[in-house]
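Keeping their order, the protein sequence lines are chains P and V. Reminder that position 6 of the first sequence reads as 6 in our numbering, one-by-one numbering, no gaps. Adding 381 to a residue's 1-based position in the second sequence gives its number in our numbering.
Simulated from the structure, these hints should not be mistaken for lab results. For clarity, every value in this text was computed on a predicted model and none was experimentally measured. Virtual Cβ for every residue (Gly too), placed ideally from N, Cα, C. This list has only true hints and no planted wrong ones.
To be clear about the criterion: a stretch of chain V counts as covered by chain P if any three or more of its residues have a C-beta under 8 Å from a C-beta of chain P, and this derived list gives those stretches:
id	region
1	383-389
2	393-403
Below, a list of computed lysine to any residue pairs in the SDA-like style, where the Cα atoms sit at most 20 Å apart:
id	chain 1	residue 1	chain 2	residue 2
3	V	Lys409	P	Leu224
4	P	Lys278	P	Arg160
5	P	Lys31	P	Ile179
6	P	Lys204	V	Ile410
7	P	Lys203	V	Gly417
Chain by chain, the residues run as shown.
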Amino acid sequence: MDALLQGVTNLTWQSFVMYAIGGLLIYLAVKKDYEPMLLLPIGFGAILVNLPLSSVWEFEGADGVLQVFYNAGILTEVFPVLIFVAVGAMIDFSPLLRRPKMLFLGAAAQFGIFATVFVVALVGEAFPELGIDLKVAASIGIIGAADGPTSIFVASKFARQFLGPISVAAYSYMALVPIIQPPVIRLLTTKNERMIRMDNSEKKISKTALILFPIIVTVAAGILAPICVPLVGLLMFGNLIRESGVLERLSKAAQNELANLVTLLLGITIGATMHYEKFLQPITLLIMVLGLAAFVFDTAGGVLFVKFLNLFSKEKMNPMIGAAGISAFPMSARVVQKMAVKDDPQNFILMPAVSANVAGQVASAIAGGMVLALVPWLLAA
Amino acid sequence: MAALSLQLMLYGLAGVFSALAVLYLSIKIVVRVFPGDTKE
Numbered sequence: 001m002d003a004l005l006q007g008v009t010n011l012t013w014q015s016f017v018m019y020a021i022g023g024l025l026i027y028l029a030v031k032k033d034y035e036p037m038l039l040l041p042i043g044f045g046a047i048l049v050n051l052p053l054s055s056v057w058e059f060e061g062a063d064g065v066l067q068v069f070y071n072a073g074i075l076t077e078v079f080p081v082l083i084f085v086a087v088g089a090m091i092d093f094s095p096l097l098r099r100p101k102m103l104f105l106g107a108a109a110q111f112g113i114f115a116t117v118f119v120v121a122l123v124g125e126a127f128p129e130l131g132i133d134l135k136v137a138a139s140i141g142i143i144g145a146a147d148g149p150t151s152i153f154v155a156s157k158f159a160r161q162f163l164g165p166i167s168v169a170a171y172s173y174m175a176l177v178p179i180i181q182p183p184v185i186r187l188l189t190t191k192n193e194r195m196i197r198m199d200n201s202e203k204k205i206s207k208t209a210l211i212l213f214p215i216i217v218t219v220a221a222g223i224l225a226p227i228c229v230p231l232v233g234l235l236m237f238g239n240l241i242r243e244s245g246v247l248e249r250l251s252k253a254a255q256n257e258l259a260n261l262v263t264l265l266l267g268i269t270i271g272a273t274m275h276y277e278k279f280l281q282p283i284t285l286l287i288m289v290l291g292l293a294a295f296v297f298d299t300a301g302g303v304l305f306v307k308f309l310n311l312f313s314k315e316k317m318n319p320m321i322g323a324a325g326i327s328a329f330p331m332s333a334r335v336v337q338k339m340a341v342k343d344d345p346q347n348f349i350l351m352p353a354v355s356a357n358v359a360g361q362v363a364s365a366i367a368g369g370m371v372l373a374l375v376p377w378l379l380a381a
Numbered sequence: 382m383a384a385l386s387l388q389l390m391l392y393g394l395a396g397v398f399s400a401l402a403v404l405y406l407s408i409k410i411v412v413r414v415f416p417g418d419t420k421e
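Assemble the whole structure, with the sequences as input and the hints as a guide.
Pasting the structure below:
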């Protein structure tokens, strides 16, 4: 009889809170179209793992199916890295090759990562009972990479126990870029600055340059920041498949089958890390709040960097382009273009914004590598 | 920890900018050596 009722007797109020959170994520995915590819599986995974006995995670001492996925795909970094192959195959880097200067905007928009780490460190010092160390702070800060796989990659190395909330924050705020960025941009720019027009000419890029680009990026990143090679290298591998022109089938497979399959497994596995014992903690709230702060700092860093450059350059850039330096592609570029048209219906800055946005993709992967390399070094010093 | 996080910011941003500066120069060279003529 006990065996028949164990489902009911093992229910807790915390389980119901997690069903509500899982339901909310599914609602946001279905009704609001917020990153549905990730939030829906994450939401369902959160419900699955909080069912009585959590048999999808562990049952009678043996790993459950989702723990098998977790061990095979997250702990080994395979899932985020495979997502990078798919993303690389999807991205056309030619806008960046037309305007390589935009790389620096991508770098500036990573400011949010480091500023957030600093804020989290301050919170950790003020509230030692939260148990925040530099690795946890870095894992929360990396939400500012505005790049799900990078956040998962870093968090799975430094703070596995917070993988669930960090991933949810990263993907939720990426979906909320159209809401988060405009007020920050408006606060930091004047109307005249937002009306600055930019060169939209589209010079041709040779196929040779497009093929050499992923190889050069991989070698340069590998020499300068070897630890970021799994991220940058696999991103560029996907891009090389795309640009080579001789691997059409593999390119399409990476963009479709690989991306879909890994996204599906990644989402539900991340959701399965959201057991109430780990998720319903004060630090989850902190992660959600500071994740948002990371996106705000990113936007501010990008915009202010362009304003700084404008002090010295004859050809002024529209400061809003700096906000597109975050990795959330292509939402951020669209947001910037939409804002430009609002102030001046004839102002077309989409192309430079896309260039900055693509630069953000490369910069965020490199920033993730820098964090992975520097944190252990600083802790050991 | 706050001091360490400031160091992380300093070195991290310096590292990202340096890596991207190398990329910038590389792209400039590649695009100049192989000017666009085959793909739009």
